[in-house]
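Participant: So the chains spell out like this:
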Amino acid sequence: MSPRMSRPRRARLSLLTAGTASLALLATACGGSGGASAAPKEFSYLSVTENTTVRTALTTLSTGACKSANDALPLKVETVPQASLDQKLQLLGGQNALPVQFAAGNAPALTQQLAKSGKVADLEAKLKELGVYDQLEPAAVSTIKALYGGKLEVLPYEYNIEGIFYNKKLFQENGLKVPGTWDELVSAAAKLQAKGVQPFSASGQQGWPLTRLISGYIYRSLGPDALQKVADGKAKLTDPQYVKAAEEVAALGKKGYFGKGVGSIDYDTAMNQFLTGKAAMFYMGSWALANIADAKQNKVGAENVGFMSFPAVAGGKGSIDQYPSNVGLGITLGAKSFDQKTGDWVTCIAKNYGSTALKDHGSISGFKVNTEVKDANAVTTQVRDTISTSKQNVLWFEALFSTKATTVSQTNAASLVNGSMSPEQFMRTVQDALAAQ
Amino acid sequence: MHRVLGDRRAVVLLLGPALLVYSLIMLVPMVWSLGYSFTKGNTIDGFTGNGVANFSRLLHDPAVHHALWFTLKYAVVVTAGQVVAGYLLALLYVFFLKRASALIRTLVFFPVVLPTVAVGLLFQKFFQVAPQTGPVNSLLNAVGLDSIDFFGSAGSAFWVLVVMDIWRSMGFYAVLLFAGLIDIPDEVLESARLDGATGLRVVRHIVLPLSLPVLMSSLIFSINGTLKVFDSIVALTNGGPGNGTTPLTLYMFQTSFTYSDYGYGSTIALLLTVVCLLVSLVVYRVSRRDLTEG
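These protein sequence lines are chains V and P, in that order.
Position one of the first sequence corresponds to residue 1 (UniProt numbering), numbered consecutively onward.
Position one of the second sequence corresponds to residue 1 (UniProt numbering), numbered consecutively onward.
Each hint should be verified, as a subset may be incorrect.
Claimed, not checked - Some chain V residues well away from chain P (every beta-carbon gap over 12 Å; in silico): (1) Thr53; (2) Ala251; (3) Asp266; (4) Asp268; (5) Val300; (6) Glu303; (7) Lys404.
Stated by the list, open to error - List time: in silico SDA-like cross-link candidates among lysine to any residue, alpha-carbon distance up to 25 Å: (8) Lys278/V - Gln132/P; (9) Lys125/P - Asp268/V; (10) Lys116/V - Ile148/P; (11) Lys145/V - Lys255/V; (12) Lys126/V - Ile44/P; (13) Lys255/V - Ser147/P; (14) Lys359/V - Ala314/V; (15) Lys88/V - Val234/P; (16) Lys254/V - Ala293/V; (17) Lys40/P - Lys254/V; (18) Lys255/V - Ile148/P; (19) Lys40/P - Ala314/V; (20) Lys260/V - Gln124/P; (21) Lys341/V - Pro74/V; (22) Lys40/P - Lys255/V; (23) Lys125/P - Val143/P.
Think of the hints as simulated: they come from the structure by calculation, not from any bench.
We put the CB at the ideal spot given by N, CA and C, even for glycine.
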């Protein structure tokens, strides 16, 4: 009898042991990655899949100007789709396993969160230490500081200004001048529409090309600090002067100026509509210059593309030489892995990236261009001149929003423009999302 | 067999490994997630307890109300559609096509095998209005109607979703119910016919009661699947326009992983669990009562 009794007990005991052992295993597996960030063996770079420019240019540098830095600390690129970036960063950040250099998140809010917990290098101090702080364009630095609470938390691998690209040929054929005010823009659109030309192309699927028009109007009518006031809680998007901007943009949609089914138009399609001459105007950032310079994509010819600033609003406090600017999807460096070898890489990038990106990709960065590069076309020259002479920049609609408010704003933009959401409703929805966090 | 299952050692040995794995990958995370619903924060900032704040937020969050309503509406409509369409197809196979049904069965089953993302893209193109006019809108234009921007408003996007999900899964339910229908003995049907019952009356009084158990399983299967719908909505509308077609699952995903609010995300997950539990209980209740009557 007694052996029969003891066997189940032994089985239970072994079960318990196995259970405890596997739990212990689980616990060590979770906590074991704490020391991963000491002295990196590679210049690891986590990029978003969608951005090919930065990683291609860095690869070019690794075999050229930055060869010695690369020999000491080889470049290793890993990619993640932009939509999963934030999630990946949170997991890596939580495990102290962030790469040496990484795309810093879809909204500045996440980068600031990482910086607050000491995971992002103090780039201003580091660059000054390395003696390359002067390699950054001052305009780019001021844009970054405006975005990231006064700190240099990302590197300006891109520097873009935004405005409206227009088809010179279509404008000429229809006897239109470059509109200087919002009213002129609306009447130009009406004329084009009457002639059977779609006035604007915009991606409602992305949403932001539409909300940029709202912020453009807000900046022109209420002045460059209008959205900072919203972020500080001194004004609300539901205030009538803010709602007015949404009304104006919704009115464009109501008249059909964005074409059919704007909510289904994705980024590439919108670009394509403009570059094949199906639409006369296209609100976009200067990164589109790469597409404009590409003869395969651009069927209207680079010489037929012009660039204008977002028009003024009559009686408004803003002026048309204040350009919305950004540094693309911010790229930053981890705090713990920033050692001397990483410093060599950063020094080399600061000195050489600007000319490499411009020469190979037609992409304008916030690093100084140290080797003279000939511009691909007139509109590139125009944009580069605008950047170097612009005195004051503004941000975009969602720049100071939380991730949630950003998503809410961009996913509802198409509904605002196709009329299934009223301007008040749209602004209230976004304001509620802002207040929720 | 009875000897083996009567032995506690054998029971522990047979059940142990599965139970352990189940506990580790199902029960532990569930309890863990329940714990998270009393916290605020994410992996970067760390977690801090905030009592029942997430639950009171859940009660007052219009986005949750909307998502819950959408989830229920979607589950009821799609479940009804899937099972009814599946049942009609099964009747067609058994009583009309009879032995020739193999080819049709395969064709109708085909969409079940297709990846959801592919089906989502297919329907997007099918119903699109821009950049090209899709087949459905072309058809509308051909009969003199205006194009409809199906994905421009929540109402029409919902119906496209419903059509897509019914099309995608009716073949599965048809096969499931087909298996139940061919089990009905021929003698019963024959004697009913001899008694003068025809067509609909055979279905109503003989076929339906006899296939009720399998019909109920289909129903439970379907409602549980549709309450947890995620992939087909992400593929077709991604919850848009705005949050017009966002079910609880997608809202939970966005809250936790896009807005990095793990605590509130867990609270929404808890709500979903409770809803699934309640619905399952109701369906089991109803099915048991009906079976004893039948």
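Participant: Determine whether the non-interface label on Lys404/V survives the test: each CB of chain P must be over 12 Å from its CB.
Facilitator: violated (4 Å)
Participant: Is Lys40/P close enough to Lys255/V, meaning Cα to Cα at most 25 Å?
Facilitator: Violated, at roughly 45 Å.
Participant: Beyond 12 Å from every chain P Cβ: check whether that's true for Val300/V.
Facilitator: holds (17 Å)
Participant: Please verify whether Lys40/P and Ala314/V have alpha carbons no more than 25 Å apart.
Facilitator: violated (46 Å)
Participant: Does Ala314/V lie within 25 Å of Lys359/V when you go C-alpha to C-alpha?
Facilitator: violated (40 Å)
Participant: Does the structure keep Lys260/V and Gln124/P at a Cα separation of 25 Å or less?
Facilitator: holds (15 Å)
Participant: Hey, Lys341/V versus Pro74/V, does the alpha-carbon distance stay inside 25 Å?
Facilitator: holds (10 Å)
Participant: Holds or violated: Lys255/V and Ile148/P, Cα atoms, limit 25 Å.
Facilitator: At roughly 16 Å apart (the allowed maximum being 25 Å), Ile148/P and Lys255/V satisfy the hint.
Participant: When you check the alpha-carbon spacing of Lys125/P and Val143/P, does it fall within 25 Å?
Facilitator: Holds - the C-alpha atoms of Val143/P and Lys125/P are around 20 Å apart, at most 25 Å.
Participant: Holds or violated: are the alpha carbons of Lys255/V and Ser147/P at most 25 Å from each other?
Facilitator: Measuring from Cα to Cα gives roughly 16 Å; hence the hint holds.
Participant: So if I understand the rule, the pair passes when the alpha-carbon distance is 25 Å or less; does Lys126/V with Ile44/P pass?
Facilitator: Measuring from Cα to Cα gives roughly 23 Å; hence the hint holds.
Participant: Between Lys278/V and Gln132/P, is the straight-line Cα distance small enough, at 25 Å or below?
Facilitator: holds (13 Å)
When held up to the earlier numbered hints, the structure conflicts with 3, 4, 7, 10, 11, 14, 16, 17, 19, 22 and fits the remainder.
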